[in-house]
Amino acid sequence: MQNILTKLPIKFFFDNIELKEKNALYVVATPIGNLSDITIRALKILSEVDFIICEDTRVTAKLLQQYQIFDKKLIVYNDHSDESARIKVLALIQQQKKIALVSDAGTPLISDPGYKLINFLRLNNCQIVAIPGPSALTASLSISGIACDQFLFLGFLPNSTIQRQKIFKNYSRNFSWIAFESALRLMETLKLLQESIPNCKIAIAKELTKIHEQIIFGDVKQVIEYFNDNSDKVKGELVIIIEKINRNEKQYCDDELEKSIIDAIKSGKTLKDLSQELSEIYSLHKKEIYQIALNIKNNL
Numbered sequence: 001m002q003n004i005l006t007k008l009p010i011k012f013f014f015d016n017i018e019l020k021e022k023n024a025l026y027v028v029a030t031p032i033g034n035l036s037d038i039t040i041r042a043l044k045i046l047s048e049v050d051f052i053i054c055e056d057t058r059v060t061a062k063l064l065q066q067y068q069i070f071d072k073k074l075i076v077y078n079d080h081s082d083e084s085a086r087i088k089v090l091a092l093i094q095q096q097k098k099i100a101l102v103s104d105a106g107t108p109l110i111s112d113p114g115y116k117l118i119n120f121l122r123l124n125n126c127q128i129v130a131i132p133g134p135s136a137l138t139a140s141l142s143i144s145g146i147a148c149d150q151f152l153f154l155g156f157l158p159n160s161t162i163q164r165q166k167i168f169k170n171y172s173r174n175f176s177w178i179a180f181e182s183a184l185r186l187m188e189t190l191k192l193l194q195e196s197i198p199n200c201k202i203a204i205a206k207e208l209t210k211i212h213e214q215i216i217f218g219d220v221k222q223v224i225e226y227f228n229d230n231s232d233k234v235k236g237e238l239v240i241i242i243e244k245i246n247r248n249e250k251q252y253c254d255d256e257l258e259k260s261i262i263d264a265i266k267s268g269k270t271l272k273d274l275s276q277e278l279s280e281i282y283s284l285h286k287k288e289i290y291q292i293a294l295n296i297k298n299n300l
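Anchor point for the sequence shown: position 65 equals 65 in this note's numbering, and the numbering is continuous, going up by one each time.
One should not assume that every hint holds.
[Claimed, not checked] Derived lysine-lysine pairs resembling DSS-like cross-links, with alpha carbons at most 30 Å apart:
#  : residue 1 : residue 2
1  : Lys233    : Lys201
2  : Lys221    : Lys191
3  : Lys166    : Lys269
4  : Lys221    : Lys210
5  : Lys266    : Lys233
6  : Lys287    : Lys166
7  : Lys286    : Lys201
8  : Lys62     : Lys297
9  : Lys259    : Lys297
10 : Lys88     : Lys72
11 : Lys201    : Lys169
12 : Lys233    : Lys191
13 : Lys44     : Lys62
14 : Lys166    : Lys272
15 : Lys233    : Lys166
16 : Lys201    : Lys235
17 : Lys259    : Lys191
18 : Lys210    : Lys233
19 : Lys266    : Lys191
20 : Lys169    : Lys88
21 : Lys272    : Lys201
22 : Lys286    : Lys272
23 : Lys62     : Lys191
24 : Lys235    : Lys210
25 : Lys97     : Lys44
26 : Lys166    : Lys206
27 : Lys73     : Lys97
28 : Lys169    : Lys191
29 : Lys235    : Lys206
30 : Lys206    : Lys233
31 : Lys169    : Lys259
32 : Lys286    : Lys297
33 : Lys169    : Lys286
Source of the hints: derived by calculation from the structure; they are not laboratory data.
Please read these numbers as outputs of a predicted model, since none were measured by experiment.
Work out the full structure, taking the sequences as your base and the hints as a guide.
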């Protein structure tokens, strides 16, 4: 198959890709860093549509220029767009205009604006067509070395420190967690993570698909130490992946668990409450922690 593909000109693929859907919006994935990652189908769609909906016209115009796609009419759609913007898009589709939706990078609607537009168009009998491609979410998971058979995607973590603390406090270790974070907040977020889930294993993916692509893996303390020693590596948008715990493995230190139980008892927490909270931090069932806590309390 590979030999056949190398002998066929790009035009062959272009000629066999049709924008056959009427009353449709094409949701097109674009590269997250390496321009070579765009698909032939995406290039075909972007070349032939009449309008391209984007988050930032400057970013999209620059991207299109890289592929020698010129004179496209760009429509801004972001978190601040209201219903009038959606009505405008619907009117264009009803006029049989060909329209694509892109984000600044990656797959649209994966932690990007647009879901209200999709729902609005679908309710008005428009077809939504996926043109799949790059995504920081799947790219980071694929090279993290962390189990991703079950995971929770949090999107971009909130700006508020309190809100991030609340998220980590409610962390469930039955599945892996993945989130996007900015370089400006990375170190604070890692420290919050260490306070809430001190023994967790994490991976940080940075500069995905670029020359300096890197995955930093270890327990949260090791990762903090790495970035303290390599502060120049903290830049751009990063992906944080928190590993789920296999309940059949002993992933805790007895002394650490005992200290956590004693601190919780001294703070006035009931055995029931502390057992529930600590079961989300240590790889033990709450009933096991309750029994350990009961023995400790009787000996205090």
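Here's how the hints hold up against the structure:
no., hint, in the structure
1, Lys233 / Lys201, "20 Å, holds"
2, Lys221 / Lys191, "8 Å, holds"
3, Lys166 / Lys269, "18 Å, holds"
4, Lys221 / Lys210, "26 Å, holds"
5, Lys266 / Lys233, "41 Å, violated"
6, Lys287 / Lys166, "24 Å, holds"
7, Lys286 / Lys201, "21 Å, holds"
8, Lys62 / Lys297, "65 Å, violated"
9, Lys259 / Lys297, "12 Å, holds"
10, Lys88 / Lys72, "17 Å, holds"
11, Lys201 / Lys169, "16 Å, holds"
12, Lys233 / Lys191, "17 Å, holds"
13, Lys44 / Lys62, "17 Å, holds"
14, Lys166 / Lys272, "20 Å, holds"
15, Lys233 / Lys166, "27 Å, holds"
16, Lys201 / Lys235, "21 Å, holds"
17, Lys259 / Lys191, "20 Å, holds"
18, Lys210 / Lys233, "14 Å, holds"
19, Lys266 / Lys191, "24 Å, holds"
20, Lys169 / Lys88, "43 Å, violated"
21, Lys272 / Lys201, "27 Å, holds"
22, Lys286 / Lys272, "8 Å, holds"
23, Lys62 / Lys191, "37 Å, violated"
24, Lys235 / Lys210, "13 Å, holds"
25, Lys97 / Lys44, "16 Å, holds"
26, Lys166 / Lys206, "25 Å, holds"
27, Lys73 / Lys97, "11 Å, holds"
28, Lys169 / Lys191, "13 Å, holds"
29, Lys235 / Lys206, "8 Å, holds"
30, Lys206 / Lys233, "9 Å, holds"
31, Lys169 / Lys259, "18 Å, holds"
32, Lys286 / Lys297, "16 Å, holds"
33, Lys169 / Lys286, "16 Å, holds"
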